[in-house]
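Novice: Chain H is fixed; fit chains U and W onto it per the hints.
These protein sequences, in sequence, are chains H, U and W.
Read left to right, the first sequence gives residues 1 to 213 (the numbering used here).
Read left to right, the second sequence gives residues 214 to 426 (the numbering used here).
Read left to right, the third sequence gives residues 427 to 639 (the numbering used here).
Source of the hints: derived by calculation from the structure; they are not laboratory data.
Any given hint could be a false lead.
Cut-off 25 Å, straight-line C-alpha distance, at most; resulting in silico cross-link-like pairs (DSS-like, lysine-lysine) [said to hold, decoys possible]:
| no. | chain 1 | residue 1 | chain 2 | residue 2 |
| --- | --- | --- | --- | --- |
| 1 | W | K500 | H | K210 |
| 2 | H | K84 | H | K64 |
| 3 | H | K74 | U | K423 |
| 4 | W | K429 | W | K477 |
| 5 | U | K287 | W | K636 |
| 6 | H | K60 | H | K3 |
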Amino acid sequence: MSKSLLIIGGGGHASVLIDILRQQKREIVGIVSPQAVAESNVFEGINVFLKDEDVFEFDKSSIKLVNGIGPMPKNDLRAIIFSKFKAIGYEFETVVSDNSIISLYANLEEGVQVLPGAIIQTDALIGANSIINSGAIIEHGCIIGRNNHIAPGATLSGQVHTRESVHVGTGASVIQNINIERDVVIGAGAIITSDVEPRTICYPARAVRKVIK
Amino acid sequence: MSKSLLIIGGGGHASVLIDILRQQKREIVGIVSPQAVAESNVFEGINVFLKDEDVFEFDKSSIKLVNGIGPMPKNDLRAIIFSKFKAIGYEFETVVSDNSIISLYANLEEGVQVLPGAIIQTDALIGANSIINSGAIIEHGCIIGRNNHIAPGATLSGQVHTRESVHVGTGASVIQNINIERDVVIGAGAIITSDVEPRTICYPARAVRKVIK
Amino acid sequence: MSKSLLIIGGGGHASVLIDILRQQKREIVGIVSPQAVAESNVFEGINVFLKDEDVFEFDKSSIKLVNGIGPMPKNDLRAIIFSKFKAIGYEFETVVSDNSIISLYANLEEGVQVLPGAIIQTDALIGANSIINSGAIIEHGCIIGRNNHIAPGATLSGQVHTRESVHVGTGASVIQNINIERDVVIGAGAIITSDVEPRTICYPARAVRKVIK
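Chain H on its own, in the form it takes in the complex:
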């Protein structure tokens, strides 16, 4: 009943998505990856195509795409891939791990990816092509923009609002009712307690180190 899937990208992020999709017994018709796919048993037995144009071999109405391009702060390849194929008429599958916890009152736009252990609470809205990574927490009433990456273990308290292309790093925390404007990068472990202007990088105090005597 659900359509076959064509994965774009063959790195670590793609491997995590395919892991989820294999558990859900989804049919994967191939991976499109100009670079060699990462070494992983998860890719075993899947056809690899080398050019983005190979996507056109597949009919828009018979498959859905999965955006397997990994999220990188200040690199918009992932967003470009999404826009490009949407413009041509392809649809992107929303990938949701069976091991995530999503409120029945939350909404996910097209192409959203929710990884294992992630929590999305009541009335949250997740914008198109965004990733809620492993164990990340999106509290009640959050509005997450398009092309966001909420990294593993990050926590957004109630009613946080992020605009387009925001990256919230690993283990970062944002308190309630905060607005984060577009193209912001919140560093790993950073703690955000006031609104953030567009195109801002927020990074935390670095850990101090000493060698054990």
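Specialist: Coordinates of chains U and W only, in the frame set by chain H:
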């Protein structure tokens, strides 16, 4: 078999609790909220009462109350509501998400609320009217006082002991064997490695920001 | 079919493991603990042996050991117990909570312990005798060395590589592709954004405190 529920409060925290209770097919006889309830489909079709006194329309033995007042550091409305209606003879329901992980050897006192993805380990004890919020971790042997709020993504290591009215902020971490006295506020993301005196606020170094060139 | 288990250690960590094993209906033939076992209903009805040598009462082929010694930074008792009984020919059971999330493409070596709510992603490898504690996140492609402790709520991003005897503290965050050499202690809440040399302690800025007026 389980009693009908009357919810006190109609904001974001109430919405999260009702979301859980609806999944558990609990009967909700109404929401008591002097202010307009938050905009959420979760409230749809539930009667709204406007005065605290409307609670008295319901017989103490036929319903249980749910404390839907959101936790706020340095504001004890939530605790007052609990004490007031307990004194009159009402009982508060303990609300536990089916998506939380609670040891069979842990104990929860009356009115405790455990939200999705929270973990409560072996031999932990959670005091009356406390909230263990989404994805928070309470390790083995922790003793959590009454009227506490352990915010989303906070982690309390083994045998941490908190007294009454402690607030542990979003993503905060407390190492093992720490005592936290009453009326303490641990800020979001703070890291606690020694005991904390009563009525203390602990806050972490703020994130540094710069605008991307 | 699965073998009976003999637990070494009777403190908080042992209680958490026995809690998991009881849920899995595993037969526990005893606890070996020179010190009094911790007060916990979880130990109820289990025989206690007082000397390490009591292990020899049990045939190597008929039981498996469980390393219940708690992890402590800069204390290698847990590693010594593992090596000592392995050298004699005993096997250690791998203990995995039913409430953890482990990719089918991840690998766990002998004696690994994965506690409730922990997440281990695609292609991760966990070295012998290591603990992935409650709610910790091990992202795709991580290689975790032997005798590691990844504490509750810690997050290791993709392709982090730790060597032997590394301790990652409660709520700590490590960004992707980081190498952490042997005998490193990452303090609770520390944020690691570059490689760490052997025998280093990394600790974060302490929280600032003030008493509420």
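Novice: Hint by hint, note whether the structure agrees.
Specialist: Now for the hints, and whether the structure bears them out:
1. K500(W) - K210(H): Holds, at about 14 Å.
2. K84(H) - K64(H): Cα-Cα ~14 Å, so holds.
3. K74(H) - K423(U): holds, 14 Å
4. K429(W) - K477(W): Since the Cα atoms of K429(W) and K477(W) sit roughly 22 Å apart, the hinted pair holds (cutoff 25 Å).
5. K287(U) - K636(W): Distance ~14 Å between K287(U) and K636(W) Cα, so the pair holds.
6. K60(H) - K3(H): holds, 11 Å
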